[in-house]
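Visitor: In order, the protein sequences belong to chains A and B. Positions 39 to 286 (this note's numbering) are the ones given, in order, by the first sequence. Positions 484 to 703 (this note's numbering) are the ones given, in order, by the second sequence.
I should point out that these hints are in silico values taken from the structure, not numbers from a laboratory. Treat the hints with care, as some may be off.
[What the hints assert, rightly or not] Rough simulated footprint, nothing fancy, chain B against chain A, three-plus residues with beta-carbon under 8 angstroms:
#	region
1	86 to 98
2	101 to 113
3	136 to 148
4	177 to 190
5	268 to 277
[Claimed, not checked] With the C-beta cut set under 10 angstroms, the calculated list includes, among others, these residues of chain A facing chain B:
#	residue
6	K46
7	Y62
8	S63
9	F169
[To be verified] Residues on chain A that point at chain B, a partial pick, calculated with CB under 7 angstroms:
#	residue
10	M59
11	T258
12	V263
These figures come from a predicted structure and were not determined experimentally. Virtual Cβ for every residue (Gly too), placed ideally from N, Cα, C.
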Amino acid sequence: MDMNLKLKIWRQNGANDEGKMVDYSLSKVSPDMSFLEMLDVLNEQIINEGGEPIAFDHDCREGICGMCSLYINGEAHGPDRGITTCQLHMRKFKDGDTIYIEPFRAKAFPVIKDLVVDRTAFDRIQHQGGFISVNTSGNTQDANSLPISKHAADEAMDAATCIGCGACVATCKNSSAMLFVGAKVSQYALLPQGQVEAADRVRNMVAQMDAEGFGNCTNTGACEVECPKGISLDNIARMNREFFKANI
Amino acid sequence: MSGFLSSSIGRKVAMALSAFFLMFFLIMHIAINLTSLFSEDLFNQLSHFMGTNPLVQFALQPVLILGVVFHFVMGFVLEAKNKSARNIKYVKNNGAANSTWVSRNMIYSGLAILAFIVLHFVDFWFPEINHKYIAHLPTDPNRYFGELVHKFHSPVRTGAYVAAFAFLALHLLHGFKSAFQSSGMSAKRAVKLETASKIYAIGIPVGFIIIALFHHFNQH
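Chain B on its own, in the form it takes in the complex:
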């Protein structure tokens, strides 16, 4: 098994599995965030549960962070190896003739998403950790909605979120079906996978964009 994980295919499969995990997390994340569009109470209840449940906080959260770190580190490792596999570049290369821009530039869409995650952690995760585990501030189960709306007051931050979600869409447009292909499923035999890929890759980021814009334009 150690040979599997150190092989090119093993790393590719590991990359795909971490992608599946992160894509599942995105579904959960957007499902909770979408409730903020129509029910302040439900959003607060769900956020409070996620923020205080020990299983979520001390089991799922570390796994999620590990998954994110692994996906990025492995992405950089593979990119560096792939770059070194062609030591002399072509003078003229017509990549657009045979592949999509998004498939050739996953590293750049990935870097944009990494920058966004840093911003997102600074915005939400670090203050949350500080609130609960460092400053030990009083628990208010109804604070989450207000904090969310407040964050989207700034047009610059809202714009940055919208731009980041556009990069997320680009990344997912190739990444979703690529994860299936890497794990051994033929995309060609499943036309539905292609459709599902587009629905997911566009649907999830558009959902997040709607949430950001909704709260930006509905400041209390």
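Next up, chain A with everything else stripped away, as it sits in the complex:
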């Protein structure tokens, strides 16, 4: 059955605007719509009424790219687990519901416009070591020639599923980025190819994380719960160990 919804959405006309919550009403919302499709319909309504559409991030709409970034009814990616906002469907809501939609909040993620935030802080952290240096001159060793235990390979793969959406930062009461950085450090620390640069990687990535102004993890575990890819807190513990090893 189609739904009528009340929407309270953060509108902010640029980085320097103060911004405020604006009320909208939207009728005939199909429960089969994705949340982003619902926003598309709302934007059409706003445009038809002569207003400026709401800016929000999206790209693949398949839960892979990590681009969508909404804080819905007080939770990153909304009231469901293991999904991004684009995978959230309107069947999760009821007719007559009021839905709060806000951008991810963190000093390190400044709002660009409306619901769009600047998450390039994550890119800058990645630039400090979220890779391995490989000589690609033609005599590169086949990665499969290195024996890697199934357990390590599985854990590295689990860490590597982080899509860098920033839900961990948005959810954490301290705006900490340690789940993201922990995942990026772990995915390489677990593999022989990554261990060569492990000490520099963790030192540099943590230094950049601190420089960006993210808060400090206090182990509430909220990030793990809200992470669309289920990145485990174990990655933070591993990053702590790696950081300790790199500094003694």
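Chain A is fixed; fit chain B onto it per the hints.
Guide: Just chain B now, with coordinates in the frame of chain A:
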């Protein structure tokens, strides 16, 4: 190493290490206090030893005070930094959906414990320091039990102690396992740690509550 201590992870580890130290101290403290439930003499002997042994008085005691001060100061510093990391708050935030109340409110349980420590120092530590090092009153190895029982005569003070220990339990419920996680140990890989965390976090404060209530209701 200086880079380590000024980093977010270094501070987190330092916080955890001071927590381990304080949690070890609590075990020692309750072990001595529990003797007051069944042996006045043993309690007096142990208290006299702790109160007069130079190693305890001039080496361990200053380290303990430093540990307490460090844990509180670092807690406030980290809380202030964490608050500043989100300059605009959410209009609607559903913290209960993904984390426990105790984990989100360590600063408040910590503040309650700080208030208790002030009361505890006024009750026991300052009079003790005055007795031994300022007024230089005569040493009586059997005075400790009587002083303890006398302190718990007041229902208001006993109530304040019980309330403070409840806050201590809340603080430890998150703090115990969090200290292990911060120092790099995965809580998920050690189910026993979760159990140990609950036993410690509830057992220690309940022990102290029993001692306070026992002496309140057994006034001589």
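Visitor: Would you mind marking each hint as holding or not holding in the structure?
Guide: Against the structure, the hints:
Only residues whose C-beta sits within less than 8 angstroms of a C-beta in chain B count toward coverage, and the region 86 to 98 of chain A has 0 of them, not enough to reach three; the restraint is violated. Residues of the region 101 to 113 of chain A lying with their CB closer than 8 angstroms to a CB of chain B number 4, which satisfies the three-residue condition for coverage. Counting residues of the region 136 to 148 of chain A whose C-beta lies closer than 8 angstroms to any C-beta of chain B gives 6; at least three are required, and the coverage claim holds. For the region 177 to 190 of chain A, the assignment as covered by chain B is violated, since 0 residues bring a beta-carbon within under 8 angstroms of that chain's beta-carbons and 3 are needed.
Under a criterion of three residues with beta carbons nearer than 8 angstroms to beta carbons of chain B, the stated coverage of the region 268 to 277 of chain A is upheld, 7 such residues being counted. A cut of 10 angstroms between beta carbons decides the hint on K46 (chain A): the least distance to chain B is about 7 angstroms, and the hint holds. Violation of the interface hint for Y62 (chain A) is found here, the shortest Cβ-Cβ separation to chain B being roughly 15 angstroms, above the 10 angstroms cut-off. Hint status for S63 (chain A): violated, given a least beta-carbon distance of 18 angstroms to chain B, over 10 angstroms.
With a least beta-carbon distance of about 21 angstroms to chain B, the hint placing F169 (chain A) at the interface is violated under the 10 angstroms criterion. Interface restraint check: M59 (chain A) against chain B, minimum CB-CB distance 6 angstroms, threshold 7 angstroms, status holds. Taking 7 angstroms as the C-beta contact cut-off toward chain B, the hint placing T258 (chain A) at the interface holds, the least distance being around 4 angstroms. Taking 7 angstroms as the C-beta contact cut-off toward chain B, the hint placing V263 (chain A) at the interface holds, the least distance being around 4 angstroms.
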